[in-house]
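**Student:** For reference, the chains in residue letters:
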Amino acid sequence: MTTEVTAGGKPFIHHHSAHCESGVTSALFRDKGVEISEPMIFGIGSGIFFGHLPFVKWVGLPISTFRSHPGSVFRKAAKRLGGEFVTKRYRSVQKGMDELRRVLAGGQIVGLTTNIYWLSYFPNRFRFQFNGHNIIILHEIENGFRVSDPVLDHPVDCLTEDLERARFARGPLEPRGFMYYPLSVNPHPDLRAACIAGMKDTCNMMLRIPLPIFGIRGMRFLAKRIMKSGEKSGFKEAARQLGNIVRMQEEVGTGGAGFRYMYAAFLQEAADLFGSDELAELSNDMTAIGDIWREFAVVSARIIKQRGQSDETFAKAGGLMLICAGREKQLFKDLDKVTRKLKA
Amino acid sequence: MEYDKIFNELFDADGLRKGYYKLDGQGKYVLDTNPTLGEAVVNGLMLTELRTHLEESRKAVHAGLKSPLFYYMELRQFDLPTLAKSAGIASFRVKRHLRPEIFAKLKPSVLERYAKVLMVTQQELKTVPDI
Chain A
77 MTTEVTAGGK PFIHHHSAHC ESGVTSALFR DKGVEISEPM IFGIGSGIFF GHLPFVKWVG
137 LPISTFRSHP GSVFRKAAKR LGGEFVTKRY RSVQKGMDEL RRVLAGGQIV GLTTNIYWLS
197 YFPNRFRFQF NGHNIIILHE IENGFRVSDP VLDHPVDCLT EDLERARFAR GPLEPRGFMY
257 YPLSVNPHPD LRAACIAGMK DTCNMMLRIP LPIFGIRGMR FLAKRIMKSG EKSGFKEAAR
317 QLGNIVRMQE EVGTGGAGFR YMYAAFLQEA ADLFGSDELA ELSNDMTAIG DIWREFAVVS
377 ARIIKQRGQS DETFAKAGGL MLICAGREKQ LFKDLDKVTR KLKA
Chain B
82 MEYDKIFNEL FDADGLRKGY YKLDGQGKYV LDTNPTLGEA VVNGLMLTEL RTHLEESRKA
142 VHAGLKSPLF YYMELRQFDL PTLAKSAGIA SFRVKRHLRP EIFAKLKPSV LERYAKVLMV
202 TQQELKTVPD I
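Sequences listed follow chains A and B, in order. Counting from 77, one number per residue, gives the positions in the first sequence under the numbering used here. Counting from 82, one number per residue, gives the positions in the second sequence under the numbering used here.
No wet-lab data here; the hints were simulated from the structure. It cannot be assumed that every hint is accurate.
These stretches of chain A come out as covered by chain B in the derived footprint (C-beta under 8 Å, 3 or more residues) [said to hold, decoys possible]: (1) 90-98; (2) 243-251; (3) 315-322; (4) 338-347; (5) 369-376.
Ideal placement from N, C-alpha and C gives every residue a C-beta, glycine not left out.
Starting from the given sequences, assemble the full structure and let the hints guide the process.
**Tutor:** In structure tokens form, the structure reads like this:
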């Protein structure tokens, strides 16, 4: 935790968070005087999800996602907590940067969507072409900006040139200089109603999307593909694909086990908020499921590392994922029942 | 291959830490900063893959199979459609420019567009480093 000063002279406390989008959203709310934690935003914005898109390729590998569409956590959380936000995209680089400077000069901190590759304050191992990284700009400094990146544990400086490139990078999911900041925020949001809305939405997304690639069904679909992948596409390719799934699960700012631990943290906070033992119980279940996901990651890591020499097989990895699917189905069914009983 | 070793070396070198949610002794969730084995291995795998690709492309350029543009494309982790879009050049033209004999005849104005997007100078764009 580091304290910084915004252009308006207000103190800003930098919190280290696991996920960029929920971290930025919670920082924007905190700046307006609403104390809200990162997992809370994540739960209210219905961040947890699962999807496997075999036909969408990213660096030649199919996409498996453990979260909802980038941008939706912010959008949903803002709506449910009653915050009015300005969101803008730009065609012209010049206009986008001018507008950013104008808002910063007014003492407002601003959230931006950027390409992580061009943010040079990251060391090389973080830098890959991904157009959905969210950061907060605190104020302008000499030939650059002061940046509070929620993924890092301290604020950093970023050159103007880098920021321009990062904001207006091309490719899939182009940010087009996406910029957002609060106009007004309800100082006493109805947290209980927001939590219920978030949980209901999550249950719907996980259980009731009638396509076999999303939610619990998506998990089963992917698990079966992993089981067969060893024979189907050869060890090397199968290991690459498995590695990509684990990377999506553990690496890309998920807070561990594909956001499952973060959701457990949300359920824990919600249990305190409602004084509900059932939610506390579900939080424990979620932690247990997260542990199985961790085990899946470890088994996969062993497969990749030992190049098929170990006792671990693709069938075992897929089997672990099937167990996760079964347990999560039960959990979200229970959560659905519990949310119906809760009163706002 | 010791993928996790590669990752850990880099990790120790820059010391940048990310947050992971973890239960503390009292059963409350807190933010922890130690990466897991799974993360270390898959990241090491990805980094190794990127390096091998880059090395292969460098060799291909030296062997005269590809133009230097291909190397810099790999260096910036671009794929063909993204490079085409960023430079504002049709992708079938970019594809042609990956051939050394066609790349050699490019006008400075076209080179400048690539150089700007790939963040290298025009001089650098014409050659690849020898190692």
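**Student:** Count the residues of the segment 243-251 of chain A with a beta-carbon closer than 8 Å to any beta-carbon of chain B: does the count reach three?
**Tutor:** holds (count 4)
**Student:** Examine the segment 338-347 of chain A for residues whose CB is less than 8 Å from any CB of chain B, and state whether their number is three or more.
**Tutor:** Since 4 is at least three, the answer is holds.
**Student:** Taking beta carbons only, do three or more residues of the segment 90-98 of chain A come closer than 8 Å to chain B?
**Tutor:** holds (count 3)
**Student:** Are 3 or more residues of the segment 369-376 of chain A near chain B, judged by a Cβ distance of less than 8 Å?
**Tutor:** Since three or more residues must qualify, the claim that chain B covers the segment 369-376 of chain A holds, with 4 doing so at under 8 Å.
**Student:** Quick check: the segment 315-322 of chain A, covered by chain B? Criterion 3+ residues, Cβ under 8 Å.
**Tutor:** Answer holds; 5 residues pass the 8 Å Cβ test.
Hint compliance for this structure: every hint is met.
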